[in-house]
Amino acid sequence: ELKVEQNPLFLSMQEGKNYTIYCNYSTTSDRLYWYRQDPGKSLESLFVLLSNGAVKQEGRLMASLDTKARLSTLHITAAVHDLSATYFCAVDIVDKLIFGTGTRLQVFP
Amino acid sequence: DVKVTQSSRYLVKRTGEKVFLECVQDMDHENMFWYRQDPGLGLRLIYFSYDVKMKEKGDIPEGYSVSREKKERFSLILESASTNQTSMYLCASSLLVARPVGEQYFGPGTRLTVT
Numbered sequence: 025e026l027k028v029e030q031n032p033l034f035l036s037m038q039e040g041k042n043y044t045i046y047c048n049y050s051t052t053s054d055r056l057y058w059y060r061q062d063p064g065k066s067l068e069s070l071f072v073l074l075s076n077g078a079v080k081q082e083g084r085l086m087a088s089l090d091t092k093a094r095l096s097t098l099h100i101t102a103a104v105h106d107l108s109a110t111y112f113c114a115v116d117i118v119d120k121l122i123f124g125t126g127t128r129l130q131v132f133p
Numbered sequence: 222d223v224k225v226t227q228s229s230r231y232l233v234k235r236t237g238e239k240v241f242l243e244c245v246q247d248m249d250h251e252n253m254f255w256y257r258q259d260p261g262l263g264l265r266l267i268y269f270s271y272d273v274k275m276k277e278k279g280d281i282p283e284g285y286s287v288s289r290e291k292k293e294r295f296s297l298i299l300e301s302a303s304t305n306q307t308s309m310y311l312c313a314s315s316l317l318v319a320r321p322v323g324e325q326y327f328g329p330g331t332r333l334t335v336t
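Chains G and V are the protein sequences, given in the same order.
Per this note's numbering, the very first residue in the first sequence carries number 25; after that it's consecutive.
Per this note's numbering, the very first residue in the second sequence carries number 222; after that it's consecutive.
Treat the hints with care, since some could be wrong.
As the list claims (entries may be wrong) - Here are the simulated lysine to aspartate or glutamate pairs, EDC-like style, with alpha carbons at most 16 Å apart:
| no. | chain 1 | residue 1 | chain 2 | residue 2 |
| --- | --- | --- | --- | --- |
| 1 | G | LYS27 | V | ASP280 |
| 2 | G | LYS80 | V | GLU324 |
| 3 | V | LYS224 | V | GLU251 |
Stated by the list, open to error - To give an idea of the chain V side of the interface with chain G (calculated C-beta under 8 Å), a few residues:
| no. | residue |
| --- | --- |
| 4 | PHE269 |
| 5 | VAL273 |
| 6 | TYR285 |
| 7 | LEU311 |
| 8 | GLN325 |
| 9 | GLY328 |
| 10 | GLY330 |
To be verified - Interface residues of chain G toward chain V, partial, derived using beta-carbon atoms under 7 Å:
| no. | residue |
| --- | --- |
| 11 | TYR57 |
| 12 | SER66 |
| 13 | LEU67 |
| 14 | VAL72 |
| 15 | SER75 |
| 16 | PHE123 |
| 17 | THR125 |
| 18 | GLY126 |
| 19 | ARG128 |
Don't read these hints as lab results, they were simulated from the structure.
Just so we're clear, the structure is a prediction, and the values are computed from it rather than from any experiment.
From the three backbone atoms N, C-alpha and C, an ideal C-beta is built for every residue, glycine too.
Could you build the full structure based on these sequences and the hints that come with them?
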């Protein structure tokens with residue numbers, strides 16, 4: 025069974041700190057996406073990773089993809105309150121996306 | 222910007238009713254998808270469509286059907302709503318004609334409550 029596992033599922037972190045969210049998947053794929061969801065809202069696309077070794081950065085967030093390890097990371101640098109949200113990774117398996125269960129991030133002062 | 226709209230943000234229906242959820246995208250995307258999102262279960266794919274009048278079952282199609290009569294519109298139908306179909310329903314679309322499916326753009330969601 026195809027699995028996409030994120031960890032941690034819940035992350036409470038202080039402003040200014042760094043942390044990494046991990047996304048492991050169990051099948052071959054070289055395309056992975058990261059989404060953000062604010063409470064009560066829909067999913068917003070953050071990053072599109074299309075090959076092994078891909079790295080994308082936007083503000084305090086940086087995503088990377090290692091297709092050989094079947095691992096993607098979302099690194100948060102110097103967290104701020106505005107980053108509080110749920111983050112999903114999604115693996116592209118040709119005809120559909122398989123989503124991870126999400127990581128709920130809470131940033132406090 | 223890609224825009225995906227859904228007919229209702231909130232909907233309350235009674236058990237046994239037939240329910241229609243509508244989704245429209247304005248960017249001429251080929252692919253459209255319906256998901257449901259439940260706490261602790263993430264997003265689960267119900268149905269998807271690659272072209273007009275085409276549909277494919279996702280991971281949890283039981284109790285649902287879909288219709289795609291026009292390229293821009295994808296409807297999700299609950300033939301006889303049940304309380305276990307209370308959920309957030311998300312529609313998405315993606316551009317790519319050839320697979321893989323590519324980045325998906327999501328609508329605002331419909332929170333359906335079945336009483």
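Hints, verified against the model:
1. LYS27/G / ASP280/V: Answer holds: LYS27/G to ASP280/V is near 13 Å, not above 16 Å.
2. LYS80/G / GLU324/V: Judged against 16 Å, a Cα distance of about 15 Å means the pair holds.
3. LYS224/V / GLU251/V: Holds: LYS224/V and GLU251/V sit about 14 Å apart, inside 16 Å.
4. PHE269: Because about 6 Å separates PHE269/V from the closest Cβ in chain G, which is inside the 8 Å limit, the hint holds.
5. VAL273: Hint on VAL273/V: violated, closest Cβ of chain G at ~17 Å, above 8 Å.
6. TYR285: violated, 16 Å
7. LEU311: holds, 6 Å
8. GLN325: holds, 6 Å
9. GLY328: Since chain G brings a Cβ to about 6 Å from GLY328/V, closer than 8 Å, the hint holds.
10. GLY330: Constraint on GLY330/V satisfied, holds at 5 Å.
11. TYR57: With a minimum Cβ separation of about 6 Å from chain V (threshold 7 Å), the hint on TYR57/G holds.
12. SER66: holds, 5 Å
13. LEU67: holds, 4 Å
14. VAL72: holds, 5 Å
15. SER75: violated, 12 Å
16. PHE123: Where the cut-off is 7 Å and the nearest Cβ of chain V is about 4 Å from PHE123/G, the hint holds.
17. THR125: Holds: closest Cβ of chain V sits about 4 Å from THR125/G, inside 7 Å.
18. GLY126: Where the cut-off is 7 Å and the nearest Cβ of chain V is about 6 Å from GLY126/G, the hint holds.
19. ARG128: Because about 10 Å separates ARG128/G from the closest Cβ in chain V, which is outside the 7 Å limit, the hint is violated.
The structure shown violates the earlier hints numbered 5, 6, 15 and 19.
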